[in-house]
Amino acid sequence: MLKTVNLQKKYTTDEVETTALVNVNLNVRQGEFVAIMGPSGCGKSTLLNIIGLLDNPSSGEFYFLDKEISKFSERQRANLRKEHLGFVFQSFNLIDELTVYENVELPLIYLKVGNAERKQRVEQVLEQMQIAHRRNHFPQQLSGGQQQRVAIARAVVSKPKLLLADEPTGNLDSAHGQEVMQLLSSLNEQGTTIVMVTHSPTDADYAHRIVNLFDGQIISENVKELAIL
Amino acid sequence: MFKNYLLVAMRTLKRNLGYTSLNVVGLALGITCSLLLYLVIRHELSYDTFHSKADRTYRINVDKISAHGPESNAGTPYPMLAVLKASLPELTPATHLYNEEGGTFTVLSLNDQEAPRKFREEKNVLFVEPAFFDLFDFPTNGINGKQALKDLNTVLLTQTIADKYFPGENPVGRVLRMNNLVNLKVTGVIPDAPENTDLPYQMLIDYESSKKINTFANDSWNSTYSNQQIYFALSPGANLKQAEDRLNEVASKYRPRSPGEQERYTFQPLTQVHFDERYGNFKSRTISKTTLWAMGLIGMFLVLVASINFVNLATAQALRRAKEVGMRKVLGANKQQLMTQFLLETGMITLTALSLSVVLTELLLPSLSKLLELQLAFSILRDPQLLLFLAVLLVAVTFFAGFYPALVISGFQPISALKSKTATARAAGLSLRRTLVVLQFTVCQVLIICTIIVHNQMEYFRSASLGFDKEAIVNIPLPSGKAKDLMALRPQLEAHPAIKATSFAIAPPSANIDMNTSFRYDEFSVERNFSVNMKMADEQYLQTFNIPLLAGRMYEKSDTMREFLVNETFLRQVGETNPQAALGKELVINGNQNQGKIVGVVKDFHLTSLRDKIQPVVMSTFTDIYLSLNVKLEQKNAKAALAHLQNVYQTAYPDDVFHYEFFDDSISRFYEGEQRQAYLFKVFSVIAILIGCLGLYGLVSFMVAQRTKEVGVRKVLGASSASIVGLFSVDFVKLVLIAFVIAGPISYYFMDKWLQDFTYRINIGYWVFLAAGALTLLIALTTVSVQALRAAFSNPVRALKTE
Ligand SMILES: Nc1ncnc2c1ncn2[C@@H]1O[C@H](COP(=O)(O)OP(=O)(O)O)[C@@H](O)[C@H]1O
Ligand SMILES: [Mg+2]
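Chains as they are written, first to last, in our numbering: chain A, 1 to 229; chain B, 1001 to 1803.
What the hints contain is simulated information worked out from the structure, not anything from laboratory work. Please read all numbers here as calculations on a predicted model, not as lab measurements. Positions of the beta carbon are idealized from the N, C-alpha and C atoms, including for glycine.
Some chain A residues flagged as far from chain B (calculated, every beta-carbon gap over 10 Å):
| hint | residue |
| --- | --- |
| 1 | Gln30 |
| 2 | Ser58 |
| 3 | Phe214 |
Under 8 Å between C-beta atoms, here's a sample of chain A residues computed to sit facing chain B:
| hint | residue |
| --- | --- |
| 4 | Asn49 |
| 5 | Asp55 |
| 6 | Ala78 |
| 7 | Asn79 |
| 8 | Ile95 |
| 9 | Glu102 |
| 10 | Leu106 |
| 11 | Pro107 |
Using the sequences and the hints given, assemble the complete structure.
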């Protein structure tokens, strides 16, 4: 599904150079559920953003669906994003001016999915995330757990091949956190590849494989159970 | 997609209601002004464009270069038209037009029982030849004008006059007596003259009849009268320049030029008549293209200032949109899609403002029409041109106001936008905002400076010494050629205690009447190459108007020209340095018709408005030509005096209508145009400042909100409220100062140019600029302080908690 070769990321701000990623070689196969763990500031988000085509590596290669894409233009990357990728963030990032339904609908609009099909797919995913009864609410009217379910619904409504989640439970209490993890887990079982950043060992338990990052380098990988290959 | 954009736009705008209203109100004000100005400009540009021959119709003017500078006049010698018709067949149709500034009209009754009704008109009685109807396309409602006015003593009434003179009756076939001189038979009723013509008429009378009304009519090539003009159409294919040369060639046979005299007949396109102040027109109102340009610029500037508000507020607010933009990008939106979205939002704001402007325009147009004395039409749905203008405005403002913010906002990097780390975008926006605020302040200051200068020039008009008294003097027009009748009653006239002095004359010292003649001074056998202005007045003129004599004495009472007075300018131009030397010299004027001795020299006084230089003047007596009785009154008994004057007037002229005007009023009417300009400047400056303040207020309130925490920390550390206000103000003071440096030279340049139109004008003092700068600073600081004070007095603990 995706593969990085000697991936490097450096930030240069006011003559201070921060190396966020050093020679990262990561391979994620179709259908896998990978958790990335590590202390704060070790480069987890940076890695996820590069994988998610939201950021460019400073050097190294990045293969996504067997294409080397580190030199892709912003427009090409936007197209790949909307077709193949779904994102879930710690802070939900719902659009406040849109209702639950409209938030979830948005990716399909950008994909130019027809009216009828759009409606059907949004309804379906809202049911799946058990949030359909709140379809006309605005994000501020929902609890954190509900908001994250909407965010997940929005991330998967376009049926992405790869779902990226950056500390999806970080802003939630443990009960709601577990709900979200179960949702992700069942999505994975239905075939969605997931790469998730987390601090919580409990959350990491849902993954097949844990990648430990330290100071921008992968220091170890534990395969929890054999992936379904 | 579109629906989604609209939805978000609507909700965003609703959510930030304060910000939205600032933008909408600002834009609506700006757009309303530009819309009003557009209507005015369009109206002014439409004058006489509706005639089918408009593009090849011309007026004959006279351009002279004389010792006292260039002189321009639209009056032509009376015999010219006949010569033109005989020798220039390509100038056809050609017609005389004679404009009489009103008169008295008596409706003769059908039977003897009924008393005749009398009316007085103040303007625009137009005498036309049949060719008038070939040349121009005024609405006649099916009446054949050529036929209707082919006979002597016929008149076509406009609807308004017909309704006024013959309410409920059929005017056709009835008889009107004009100025108690001519009986005119009504041959038809035509619609009122359109507003946008410089040939306005309340009625059309056959041209031949004008010869009895026009006291100046004669057969000389040497005299012209500005109300007697020639218009013609150039045949298709004919050469204008050649025709002009030919006319001058032919005319020179009849009117030999003296050596050094430069005089030329020139052809002025009909479509320029409205814009050239030098020649004037029968409407007595011209507007220069420069003024129209200035209006257009002001309209654009007002929209600009409002758009700048939009850009400033939108970029300042951009951070609020960062999360949304970031997320949309994550979901795969590209830059163009986001730009479209934000432009659409701007478009909606603009559209709202535009709708509001249409309502405002509808409300304000009557007042503006009244102020400008124009009938401006505003009916959007039946006016495709106006709709187009509105559409262009909508698109232009949307792009101008929306493009940059859309570019900034859609350019956010998705990750940093989600983290609200848009520091770089903010910094870039900041310097742009500064630049734009400077631009706004510059526009405001330019307008303030212009307003002050225009205002001062107006004050100068009011207060400048004209060389004669204008207070407590009334001018009473007299029926032409009949001054003697009232002069005979002079003892009775002056018997009233509130009447201090009276003088019969052709006109008061400053008036629009202009009689010029060539002359011979002393032993010179050739006529001088400049003409002199004739002021015909009786022996009490100087006393009535308090005009001082420099040498000699006033001429003696007489009915004909016997003795002369000249003014200082006359002396200068004939080369006399000592007024005494002129006394006793012989003067011959009007060809060889009149001759006499100079008996006195008067101090220069202004003959017309302060736009024009004082001309050389020759004064003398000539009862037959007097058209005005001038009376110096005791101000507090003016009412009784006027009643007495009316009484005596009616005794002398039982068939005429008494009418008077205070002299200072008629003088201030010289400057009506400028007065209106001054008023418009004031209004638009205030609006520009208001719009600017709205933007500034929004910007500062945003800055204050953004720096709440900083202010809190500063206060905890012991900062005073004053220093907090200072924190926000320093920046703006700098911007005002930069704007001041730019605005000064620009406004100096334009106002200096504007003042050049007036021979007599104020000096632009430094204080004007300082005052404008100080005023802008004061306004800016007040606006900033209102918001900054709120921050300064806020509770620091709460400020820190909310972060
Ligand atoms: N936009 C940026 N500019 C400069 N440095 C950054 C930027 N984003 C991240 N970093 C730095 O890169 C390192 C990795 O950050 P990040 O990937 O966010 O860590 P994590 O998500 O593991 O907490 C940190 O040292 C951080 O300071
Ligand atoms: Mg992180």
